[in-house]
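Student: Residue numbers (our numbering), protein chains in the order written: chain L, 925 to 1182; chain Y, 34 to 359.
Because the hints were derived from the structure by calculation, they are not lab data.
The calculated lysine-lysine pairs, modelled on DSS-like cross-linking and capped at a C-alpha distance of 27 Å, are:
id	chain 1	residue 1	chain 2	residue 2
1	Y	K140	L	K937
2	Y	K48	L	K1176
3	Y	K67	Y	K268
4	Y	K44	L	K1176
5	L	K937	L	K927
6	L	K926	Y	K126
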Amino acid sequence: MKKYFSIWLHFAKISLQRLFEYRADFFLWSLVSTGWTIFSLLFYQILFLQTSNIAGWNKQQMLVFAGTYMIIDAATWSIFWRNIQNYTESIFNGTLDFLLLQPIDAQFRLSVRHISFTNVPRLIIGIILLALNLPTVTLSQVLMYIALIFLSMGVIYTLWFFTATFTFWVEKLDNIIEIVPTLRRIWSMPSDIYSGFVGAMLTIIIPLALITTTPTRLLLHQFRWQELVALLTFFIVLFGATRAFFHYSIKKYSGIGS
Amino acid sequence: MESIISVQHLKKYYKVYKKQPGLMGSLKALFARKYESVQAVNDISFEIEPGELVGFIGPNGAGKTTTLKVLSGLLYPTAGEISVLGFTPWDRKPEFQKQFSLVMGQKNQLWWDLPAMETFLLNKAIYEIPDTQYKHTLNKLVTLLDVKDVINIQVRKLSLGQRMKCELIAALLHNPKVLFLDEPTIGLDVVMQKVMRDFVREYNTTFGATILLTSHYMDDVKELCKRVIIIDHGKKLFDGKLQDIIDKYAKNKILSVVFSKETDQKKLETIGKVKSFEFPSATILVPRKEASRLAAKLLEDFSIADLNIEEPPIEAIIRDVFQNGK
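Pulled out of the complex, with its shape left as it was, chain L reads as follows:
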């Protein structure tokens, strides 16, 4: 554990050094990410000019929801996007070789290599949004909320890593890593907007609709245990499947050329 933490810390330090090395890149992308965030907030404002609630969520609740979504999204994007991208590239160009030679869990090594900081402004905006719209909460609620955020991030990460692992089987699948970013639409809206079969699917069997909803409900004093069970079960099963799939795929990996 200590070894893995020190390696993670090392990677984080290196990522920071990179950030200082390429300042312009950081400022540009921070600007882009902030721009998008403001744009999506404007979208909410316009929406609530037309209606007083969305699927039972009023404006204040929706802003807490939006804050949670931003926090989860900014964090997963910062920690995992570059890594997933590099992961699939390394399969294609053969640099995965070096990682597999080292005495360290390959999935861990692949998942923590780069941390991007360009989404930090978005993370801050998300937290501000929460602070401005939050009803009174206890410390234990905040802690539980943080734990739920980690669970949601875990689900997104695992889903991402799982889909990226298909690259082993075809060697060139550029768009495979775009699947998860596209799926974000599912959890960018409260789960209550889904009904019938789709609703059951997205809240029980593949509970992606709960990724943002469940932590938000906790802050809004509407927490549902069933949702947590669904999310947690899904995460554990998917994580196990991903590990098995990853290890099986490594056997298939043949490097390139000779």
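Starting from the known structure of chain L, fit chain Y onto it as the hints suggest.
Tutor: For chain Y alone, coordinates are given in the frame of chain L:
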């Protein structure tokens, strides 16, 4: 002595798909692909003892890198029994991985946009190298390779030679007992090639490491390895002392002659095959076994200022081996 690397009947086949040329070929391949099995390594066996420095040579596509990758646990063999340091490589046990290193001249593990020092520190954490051992080994390697001023400069700003030295350090920090070097001198200039060679020899003797080296440059092999394994088309053609290749495969010797008096080529051809003749020098190929007799005859029949009996260059012999092996 017990061998540190043991390879028994190693086979590695790849499945590759063949595409017909052009757009129509691509369209066809979209629906039905023709797969073909390529025998990268086909039934190779050898043993290597601790501390040996063995040259692994063969033309492009002979199966050298494939063999090294199987030995490092990167590839699962199609068949065969392999043991390295007592481990089955593809189990990829950390205890095994901490004891060997693979250096590929054509690929780099160093962080491109950071100083090499960062990669060293990362490897220290990954290989769990104790502080004192890390400092000691790093100092030693940095001095040996003379890169003190280089390790804190961004890798992308280094020359190929400097980068390769840093690659070596990154690969050797954990004091591997077994080292696989795949084309370590590729693309380097002659001076740097020599530095690398000296280093490999030094590492072999000081650390007692077992080294398996592949190279296209015969000079690397000639200078470093007593023993060579030659493979081609996935098969082993030769395994033994470098000198034995000459004895086994060189059919001719070369007589280099300097004449003191004018002579004509026709007369020379009674001795052997005249490879070049430009008065006063000539080189003549003669059957190996008759070299002494024919040299004596040459001295008797001609006016000679100087005469040498030489072995053909090892490159030429090996080229012959490859060409006849097909």
